[in-house]
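> Could you build the full structure based on these sequences and the hints that come with them?
So the protein lines, in turn, are chains A, B, C, D and E. Every letter in the first sequence is one number past the one before it in my numbering, and letter 170, counting from 1, is 170. Every letter in the second sequence is one number past the one before it in my numbering, and letter 128, counting from 1, is 128. Every letter in the third sequence is one number past the one before it in my numbering, and letter 273, counting from 1, is 273. Every letter in the fourth sequence is one number past the one before it in my numbering, and letter 37, counting from 1, is 37. Every letter in the fifth sequence is one number past the one before it in my numbering, and letter 193, counting from 1, is 193.
A hint or two may mislead.
Unchecked claim - Listed below are the simulated BS3-like cross-link pairs for lysine-lysine, each with C-alpha atoms no more than 27 angstroms apart in a straight line: (1) A/K144 - A/K107; (2) A/K285 - A/K51; (3) A/K132 - A/K144; (4) A/K268 - A/K56; (5) A/K276 - A/K132; (6) A/K341 - A/K268; (7) A/K268 - A/K237; (8) A/K25 - A/K107; (9) A/K56 - A/K276; (10) A/K173 - A/K212; (11) B/K193 - A/K212; (12) A/K276 - A/K317; (13) A/K70 - C/K193; (14) A/K341 - A/K317; (15) B/K222 - D/K130; (16) C/K193 - A/K107; (17) A/K51 - A/K268; (18) A/K25 - C/K193; (19) C/K222 - E/K130; (20) A/K237 - B/K193; (21) A/K132 - A/K107.
To be verified - Quick list of simulated restraints, FRET-style, between CB atoms: (22) B/L243 - A/Q330: 41 to 49 angstroms; (23) C/T130 - A/S19: 52 to 60 angstroms; (24) C/E295 - D/G134: 27 to 35 angstroms; (25) D/R237 - E/S82: 51 to 59 angstroms; (26) A/K317 - B/D184: 25 to 33 angstroms.
Don't read these hints as lab results, they were simulated from the structure. Beta carbons: idealized from backbone N, C-alpha and C, even for Gly.
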Amino acid sequence: APESGPAEPGPSETTQAVSLETGFKIGLLLPDESSTRYETQDRPGFEAAVKAACPKCEVLYANANQDAAKQQQQANSMLTQGVKVLVVDPWDGVAAAAIVDQAVAQKVPVIAYDRLIKSPQLSYIISNNYEKVGELQGQALVEKLKADNVPAGSGIVMLNGATTDNNAVNIRKGALSQIEPAGYKVLAHIETWDGPTAEKFASSQIAKFGTKIAAFYSANDGNALAAIAAMNAAGMKLVPTTGLDATLASVQSILAGQQYMTVYNSFKGEAEQAVKVALDLAQGKTPTSTDTVDGIPAFLQQPQAVTADTVATTVVKDGVYKTSDICTTQYAAACTAHNIK
Amino acid sequence: MSLKSPIASPATQTLDRHDERLQAATGFIDELRMTGRRIRRGDIGSLPVIIGLVIIAAVFQTLNPLFLSSINLVNLMLDSAAVGTIAVGVVLVLLLAQIDLSIGSVSGFAAAILAVTFVQLGWPLWVALTLPLAMGAAVGAIYALLFLRFGVPSFVSTLGGLLAILGFQLFILGTNGSINLPFDSFIVRFAQKMFLAPVTSYVLVVVVAVVYVGFALTSAAKRRRNGLSASSVPGIWVRGILLLVGLEAAVWYLNQSRGVAVMFLFFLGVIGVVAWALRRTRWGRAMFAIGGNVEAARRAGIRVGRIYLTAFILSSVLAAAGGLMAAGRLAAATLSSGTGDVNLDAIAAAVIGGTSLFGGRGSAQSALLGILVIEAIASGLNLLNLDSSIRFMITGGVLVLAVVVDSLSRRSRAAHGTA
Amino acid sequence: MSLKSPIASPATQTLDRHDERLQAATGFIDELRMTGRRIRRGDIGSLPVIIGLVIIAAVFQTLNPLFLSSINLVNLMLDSAAVGTIAVGVVLVLLLAQIDLSIGSVSGFAAAILAVTFVQLGWPLWVALTLPLAMGAAVGAIYALLFLRFGVPSFVSTLGGLLAILGFQLFILGTNGSINLPFDSFIVRFAQKMFLAPVTSYVLVVVVAVVYVGFALTSAAKRRRNGLSASSVPGIWVRGILLLVGLEAAVWYLNQSRGVAVMFLFFLGVIGVVAWALRRTRWGRAMFAIGGNVEAARRAGIRVGRIYLTAFILSSVLAAAGGLMAAGRLAAATLSSGTGDVNLDAIAAAVIGGTSLFGGRGSAQSALLGILVIEAIASGLNLLNLDSSIRFMITGGVLVLAVVVDSLSRRSRAAHGTA
Amino acid sequence: MIDTKPPALADQRPLLSLRGISKAFGAVSALTDVDLDVHAGEIVALVGDNGAGKSTLVKILAGAHAADAGSIQWNGEPVTISSPLEAQQLGIATVYQDLALCDNLDVVQNLFLGRETGSAFAMDEVDMEKRSWGLLAQLSAKIPSVRIPVASLSGGQRQTVAIARSLVGEPSVVILDEPTAALGVAQTAEVLNLVERLRDHGLGVILISHNMANVQNVSDRIVVLRLGRNNGAFRTRDVSYEDIVTAITGAADNSVTKRAAAHSTTTGAAKEQSR
Amino acid sequence: MIDTKPPALADQRPLLSLRGISKAFGAVSALTDVDLDVHAGEIVALVGDNGAGKSTLVKILAGAHAADAGSIQWNGEPVTISSPLEAQQLGIATVYQDLALCDNLDVVQNLFLGRETGSAFAMDEVDMEKRSWGLLAQLSAKIPSVRIPVASLSGGQRQTVAIARSLVGEPSVVILDEPTAALGVAQTAEVLNLVERLRDHGLGVILISHNMANVQNVSDRIVVLRLGRNNGAFRTRDVSYEDIVTAITGAADNSVTKRAAAHSTTTGAAKEQSR
Ligand SMILES: Nc1ncnc2c1ncn2[C@@H]1O[C@H](COP(=O)(O)OP(=O)(O)OP(=O)(O)O)[C@@H](O)[C@H]1O
Ligand SMILES: Nc1ncnc2c1ncn2[C@@H]1O[C@H](COP(=O)(O)OP(=O)(O)OP(=O)(O)O)[C@@H](O)[C@H]1O
Ligand SMILES: [Mg+2]
Ligand SMILES: [Mg+2]
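Encoded structure:
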């Protein structure tokens with residue numbers, strides 16, 4: 001475990017309380033741009049929830065564009081502007097400990113949002129367990145292969161996320177924990193978030209292994225699209241492909257029977273929970289929690305697998321996408337087939 | 001005291017071969033001998049990069065026999081086309097001793113425009129394909145304007161462009177993120193599924209060889225008519241036949257798999273057109289002149305501003321074209337289109353192929369050679385199952401080695417005084 | 001026919017002011033007048049970038065009054081130090097018309113070595129800090145070797161380095177991913193918590209001003225003794241007092257918040273040493289000579305190889321130092337340390353500050369000015385609440401605008417023939 | 001100052017006429033209030049010490065620099081020459097002292113730069129190469145191959161290429177800035193022949209040279225610059241070597257006369273020629 | 001070929017002696033089997049047509065090029081000169097035809113490049129600036145400021161700087177490759193004075209020039225190159241202008257003699273001087 005500075009008093013006890021009536025500033029720090037969810041789901045959801053609960057409050061927002069140092073600067077900038085609470089989705093959960101350290105020094109409580117920050121000084125955790133995501137993907141893939149009677153010992157090609165991304169490391173850990181015990185062999189693997197790189201790699205593996213490939217394990221939707229493009233280009237019959245983020249393109253692809261599954265978090269629920277906790281902490285209240293992680297109160301998010309059959313009950317039901325967005329002319333038939341109206 | 005020159009002038013036949021200090025070939029056998037001598041001296045044009053390529057291929061082939069399989073070569077060609085096309089544009093700006101750092105962003109933005117207009121707005125494909133190219137032209141024009149009117153170095157203006165255009169890409173893809181291109185749309189088929197029919201490909205090669213021989217014979221005849229030395233006629237025929245046989249063999253091998261990809265032919269076509277433009281048109285002459293000595297070019301009455309303008313525009317237009325090809329290959333436009341290694345790969349391809357960063361030296365072909373080196377390394381490593389840390393190390397090392405071969409021979413050329 | 005020269009030679013006093021075509025200042029008032037004329041002509045050194053900086057500051061200040069708050073300025077200075085230090089190294093290779101694309105990877109690898117040796121292996125801090133610097137020196141030496149022995153252009157060798165060193169970084173961090181540095185370790189305190197005591201800072205400023213005046217007076221006296229023109233004594237005193245008052249005011253303002261960061265002073269120290277080395281040592285003279293005309297430098301008997309070697313080594317060592325500072329600031333070494341915008345930011349800082357990509361023109365100070373422009377834009381945008389897409393667009397636009405100011409004035413200088 | 005036009009030209013309007021040209025580079029005033037006339041069919045020698053401003057004046061005429069003040073008349077019409085292209089279009093061909101060649105281009109490419117023959121989309125390389133050999137032969141150049149980059153030519157070969165360039169167009173004024181500085185004896189003779197041929201074809205020629213023998217040998221008039229100002233203008237046949245040197249150096253007692261005096265006892269071999 | 005050493009030196013060992021030097025650039029043989037001797041206290045003029053290989057020979061001596069074949073002896077000892085630094089350390093100072101100045105450095109910086117005064121960590125700028133003015137005054141240079149980049153100097157000013165550079169060290173052989181090509185009359189006279197002073201101090205001087213008047217005026221011996229080969233060597237006082245030109249051009253009937261014949265009727269003004 002990382003060492004930390006001299007034990008400082010718990011932040012929530014010393015925060016100067018402010019009130020919802022007068023309003024105050026809340027900092028929201030999100031990690032990157034390449035996943036669409038942050039700017040299209042989390043941030044609007046967060047801002048809407050604040051608006052509803054505290055109309056006079058102001059949300060300061062910044063996106064770190066995959067750069068831990070930049071995220072730190074953004075956090076400093078928000079502390080300069082006098083935020084009363086920081087909600088941080090860290091690009092790097094280890095490096096973000098410095099953000100917590102600096103915020104706590106200025107008596108601003110910090111909530112880890114979506115990803116864990118490895119700091120005992122955290123006030124609250126609203127987590128999306130990325131190992132769990134990997135497990136979900138692996139599990140769905142294993143079940144699908146078993147259902148299709150693909151013999152154990154057949155191969156899976158893994159398109160993991162970039163090694164420079166800590167989350168990718170965790171996702172991969174979770175996925176392997178499912179795939180390996182099930183007896184499916186990992187034929188080859190690459191670590192990248194770059195579409196064209198993943199596509200070239202997939203093409204190479206198709207050239208190398210051909211029909212020995214029983215499935216593509218892909219860590220996110222971008223890599224899944226790349227794998228599908230490679231299979232299409234090679235004229236290969238599409239094999240099951242996993243994903244993450246439930247992007248619109250992938251949801252459509254799933255409905256069209258190309259991608260097999262993706263993983264989805266209820267961003268809205270996560271954002272609303274974060275706002276609730278943030279407002280409490282800023283006012284000096286101690287929010288109640290159901291769980292704890294490393295002794296810190298936590299609200300644990302449950303990621304869900306999305307397949308063609310569950311599109312209607314997940315992303316559509318939660319209002320992530322409008323039916324009209326998904327069911328463009330090209331996908332209209334698929335929508336009706338899967339009961340999406 | 002010796003007043004009579006001790007040197008007797010040999011009988012001379014052509015205008016350009018009369019200097020007695022010059023060793024020159026006068027027939028086919030002589031040509032062969034001179035070529036041999038040139039190679040031993042290391043004065044061998046782009047051969048060294050090709051040697052580097054051959055070494056890379058040999059090593060990867062021994063590590064995994066699939067490397068030179070026709071199916072993998074077809075993949076390699078398809079993989080090269082998009083970034084290779086962008087690299088051709090890079091060659092143009094490098095020739096002027098400028099740089100374009102925004103090629104990646106422009107290619108990504110082009111893909112985004114294509115996807116948004118074609119898929120989301122349902123505009124006709126030709127509009128959706130033309131619009132990004134027009135965007136590229138506008139971007140290039142802005143760089144040229146900033147450079148010519150305000151003297152902003154292209155490093156800075158295109159760095160600004162890199163960021164700003166990425167902003168536009170995020171902005172128009174904003175609400176949805178990635179957008180799929182339909183598999184049956186022309187652009188996706190072009191990038192994934194279109195191959196020449198075997199017969200067509202064989203005929204095409206014959207046409208190429210015939211055109212080469214015809215062209216070489218005509219110009220040799222014209223040179224002779226004008227009292228200049230020229231390649232020997234048998235030499236031309238031998239080269240033509242070698243070309244024919246070599247290309248037919250290559251095409252036959254590719255036809256064992258899916259065949260000759262139309263997108264790769266398109267890339268070759270771009271190279272051909274740009275190579276002609278650089279070597280045979282006034283515009284190309286002006287490009288080299290400016291790259292060599294911009295003040296001399298200006299004093300020679302060249303409209304320097306226009307040349308910069310065209311080069312920047314072409315660079316961005318080719319970047320946009322490459323972006324469209326990449327989008328077709330991926331069948332999608334995403335938030336990260338163009339943000340990965342596109343910039344570095346395209347610039348590196350031009351440089352590895354032998355185009356100078358300091359202007360005035362380079363060729364359209366360098367984009368082809370360079371991108372083949374880069375993609376061959378990537379493809380070879382893809383066939384080996386490596387950890388990404390090892391993969392990075394090997395890629396870096398091999399890249400440098402490929403260029404060491406080239407540099408060593410260039411060095412020997414310099415020692416012989418013909419650098 | 002007029003044979004008598006119509007021109008009367010004026011009485012001259014100093015060796016360097018005897019040419020009648022030269023307009024030159026001879027006293028303090030005269031100096032002021034000449035300065036005014038120079039500014040009107042646009043012949044004003046690095047002033048334009050400073051003007052760009054002032055404009056940026058003014059705009060952001062009106063948009064958000066916190067921008068110029070002392071607390072934000074302190075942050076700005078801390079943010080600039082790490083990449084700024086790397087940019088100083090970039091200036092050195094750019095002066096030789098070379099480039100270093102691997103500064104990001106070297107900085108990331110340095111951070112990884114520090115974290116692994118210090119935290120995981122528990123080695124003493126001084127070892128953990130020295131090792132990365134030694135690694136940087138070794139990397140730089142390899143580039144120099146590749147360039148000097150094999151003629152591999154630094155663009156290619158450092159591109160290979162970028163990839164290979166990233167591979168090493170991933171490899172040694174591999175199993176655990178990111179590693180935290182203890183908050184109470186020296187390097188983290190240095191980067192986050194060490195500030196000069198107010199008294200110390202005021203005294204330091206006085207020392208700086210006294211040294212400046214002393215130095216200027218001595219060298220003016222020496223010039224006069226040798227029959228050369230020199231700045232007027234009152235002029236030196238006025239400048240010294242302005243320097244003192246200005247710096248004291250700045251320090252006082254910073255002391256309203258946390259004060260003068262030791263890491264920023266370290267950065268300034270690096271700039272000071274490098275600036276001295278470039279302008280006052282034989283080594284620096286050789287650097288400029290090689291950047292201007294490497295063949296002329298070689299013919300002048302300069303050991304060109306050694307200079308390349310030192311420049312590449314220093315560049316990589318400074319990159320490693322910057323990586324250590326960044327690790328301290330972040331209190332962690334991560335898989336993505338050095339992979340973000342470090343490369344582009346550091347090179348852009350040098351270029352924006354006025355260092356040429358073509359060698360022979362630049363200064364250590366350009367790293368400071370350039371990084372301040374970049375970080376000021378980033379900091380100003382952080383204070384506005386913007387979408388990423390908009391943020392990218394504005395960053396790109398402002399970057400170009402900041403340089404337009406500089407370029408416009410340089411252009412006017414060129415029109416007056418002093419470019 | 002007396003009227004120094006050749007009598008035959010006295011009534012004729014000058015082809016090119018400069019009045020009051022000034023130019024400063026930073027703190028250095030390179031030209032101050034300089035006048036110059038060139039008539040058709042006349043060779044004007046422009047002489048002066050190093051740094052007198054000759055090349056600067058030439059560059060202003062050629063459109064490579066802009067003057068700070070002063071006016072230019074072409075055939076009596078006021079013109080502005082704001083780029084080398086405009087100068088070329090007026091009919092001014094210039095051989096620059098620094099040659100202004102593109103080192104990466106070969107001899108043929110440099111000779112025809114900006115004036116390539118053939119169509120814009122397919123230059124006629126064969127034609128250009130053939131004509132290059134013709135041009136170079138005129139100047140009796142010793143260049144082994146016209147297909148090597150000019151970077152690898154000797155100093156004199158490069159200068160020959162630069163001079164040959166000026167013959168490619170159809171100029172009415174040719175400006176030669178120290179054209180024979182690096183040339184061998186034979187090539188120098190050919191260039192002087194060329195200059196005379198140009199005059200005989202009715203062109204105006206401005207010749208800059210430090211070789212007074214050559215100047216006196218070919219020029220009709222001599223204009224002297226000193227420290228950026230006009231310092232005398234002479235009809236060539238009226239003026240002695242000593243007078244010119246005095247106008248150039250600004251004193252009758254100068255290094256040249258001193259050296260001549262010191263050597264007056266040495267062998268007369270050196271006096272034998274002046275070509 | 002007769003022995004052309006000055007009688008006083010006939011028994012003396014040459015300071016520098018080249019034998020059988022050959023050098024090819026690609027397909028062009030620039031030098032073939034060239035010999036050259038220089039004695040202390042002697043001025044050897046190296047002459048030849050453009051492209052004859054003079055500068056190439058100089059660059060080989062100066063360590064800037066490597067010879068393909070041949071040997072060099074220094075004071076009778078065989079040496080290899082593989083870099084300019086080695087040539088400098090032997091005591092060879094060279095003024096290159098292309099000047100080899102760093103355009104971005106100012107005059108002082110160029111003059112003392114590689115030989116800065118003061119300590120390595122704190123150069124003595126004041127001393128160098130003062131000495132620069134002294135060096136330039138010796139050559140009667142007209143340079144307004146020594147603190148401007150040499151890029152902005154006139155052609156002759158640049159050449160003066162290059163020549164002044166060679167005076168900074170303590171050489172025993174000075175090689176001057178067309179040092180007076182761009183110089184004004186006064187500066188040329190000063191350089192010729194300088195060359196004679198160097199000889200009088202016992203240095204060996206190799207002077208390349210196309211100006212036969214100057215060559216005959218100062219040199220002790222004349223060595224002719226033609227098309228990369230030795231084509232004669234003469235004692236200066238024994239040889240006429242016409243003989244040298246014939247050796248250079250390879251024919252008694254050449255452009256120079258033709259031009260001289262054509263002009264034999266013109267005014268004698270041009271004949272009046274030859275300095
Ligand atoms: N681009 C420039 N920038 C600054 N000063 C310049 C520039 N060009 C010329 N000068 C200055 O102007 C003066 C005149 O230079 P110019 O080249 O016209 O002389 P010149 O008469 O041609 O001399 P030379 O006989 O040596 O060629 C010189 O003092 C020179 O330093
Ligand atoms: N670097 C080089 N590459 C190729 N050829 C070269 C190179 N340097 C010189 N040459 C060739 O060698 C020959 C001799 O050149 P060199 O410069 O020695 O002549 P030179 O006698 O100095 O002539 P000049 O009087 O014109 O200065 C020329 O034909 C030239 O083209
Ligand atoms: Mg001049
Ligand atoms: Mg020469």
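> Are the hints correct? Go through all of them and say.
Right, here's what the structure says about each hint:
1. About 50 angstroms separates the Cα atoms of A/K144 and A/K107, which puts this hinted pair outside 27 angstroms; it is violated.
2. Note on A/K285 and A/K51: the hinted pairing holds, with a Cα-Cα distance of about 20 angstroms set against a maximum of 27 angstroms.
3. In summary, the hint linking A/K132 to A/K144 is supported, as the alpha carbons are separated by about 18 angstroms, within the 27 angstroms threshold.
4. With a CA separation close to 21 angstroms, the supplied pair A/K268 and A/K56 stays within the 27 angstroms bound.
5. With a C-alpha separation of about 24 angstroms, the suggested pairing of A/K276 with A/K132 holds against the 27 angstroms cut-off.
6. A hinted pair counts as satisfied when its Cα atoms are at most 27 angstroms apart, and A/K341 with A/K268 qualifies at roughly 21 angstroms.
7. About 36 angstroms separates the Cα atoms of A/K268 and A/K237, which puts this hinted pair outside 27 angstroms; it is violated.
8. About 14 angstroms separates the Cα atoms of A/K25 and A/K107, which keeps this hinted pair within 27 angstroms; it holds.
9. For the hint pairing A/K56 with A/K276, the CA-to-CA distance comes to about 15 angstroms; that is within 27 angstroms, so the pair holds.
10. For a cut-off of 27 angstroms, the pair hint linking A/K173 to A/K212 stands: about 24 angstroms separates their Cα positions.
11. The hinted pair formed by B/K193 and A/K212 meets the criterion: a straight-line CA distance of about 22 angstroms does not exceed 27 angstroms.
12. Under the criterion of a C-alpha separation no larger than 27 angstroms, the hint pairing A/K276 with A/K317 is consistent with the structure, at around 22 angstroms.
13. Distance restraint check for A/K70 and C/K193: the Cα-Cα separation of roughly 19 angstroms lies within the 27 angstroms cut-off, and the hinted pair is therefore satisfied.
14. For a cut-off of 27 angstroms, the pair hint linking A/K341 to A/K317 stands: about 11 angstroms separates their Cα positions.
15. Proximity of B/K222 to D/K130 is assessed by CA-CA distance (about 11 angstroms); at most 27 angstroms being required, the pair is judged to hold.
16. For a cut-off of 27 angstroms, the pair hint linking C/K193 to A/K107 stands: about 16 angstroms separates their Cα positions.
17. Distance hint between A/K51 and A/K268 is fulfilled; the C-alpha atoms sit about 14 angstroms from each other, no more than 27 angstroms.
18. Note on A/K25 and C/K193: the hinted pairing holds, with a Cα-Cα distance of about 26 angstroms set against a maximum of 27 angstroms.
19. Restraint check: the Cα-Cα separation between C/K222 and E/K130 comes to about 11 angstroms, which is no more than 27 angstroms; the hinted pair holds.
20. Among the hinted pairs, A/K237 with B/K193 is consistent with the structure: their alpha-carbon atoms are about 15 angstroms apart, no more than 27 angstroms.
21. The suggested pairing of A/K132 with A/K107 is violated, with an alpha-carbon distance near 32 angstroms, which exceeds 27 angstroms.
22. About 46 angstroms separates the C-beta atoms of B/L243 and A/Q330, a value consistent with the hinted range of 41 to 49 angstroms.
23. In this structure, C/T130 and A/S19 meet the distance hint of 52 to 60 angstroms, their C-beta atoms being roughly 53 angstroms apart.
24. A C-beta distance of roughly 34 angstroms is found between C/E295 and D/G134, which places it inside the suggested range of 27 to 35 angstroms.
25. In this structure, D/R237 and E/S82 meet the distance hint of 51 to 59 angstroms, their C-beta atoms being roughly 56 angstroms apart.
26. As the Cβ distance of A/K317 to B/D184 is approximately 31 angstroms, the hint placing it in 25 to 33 angstroms holds.
Going down the numbered hints, you'll see the structure goes against 1, 7 and 21, while the others check out.
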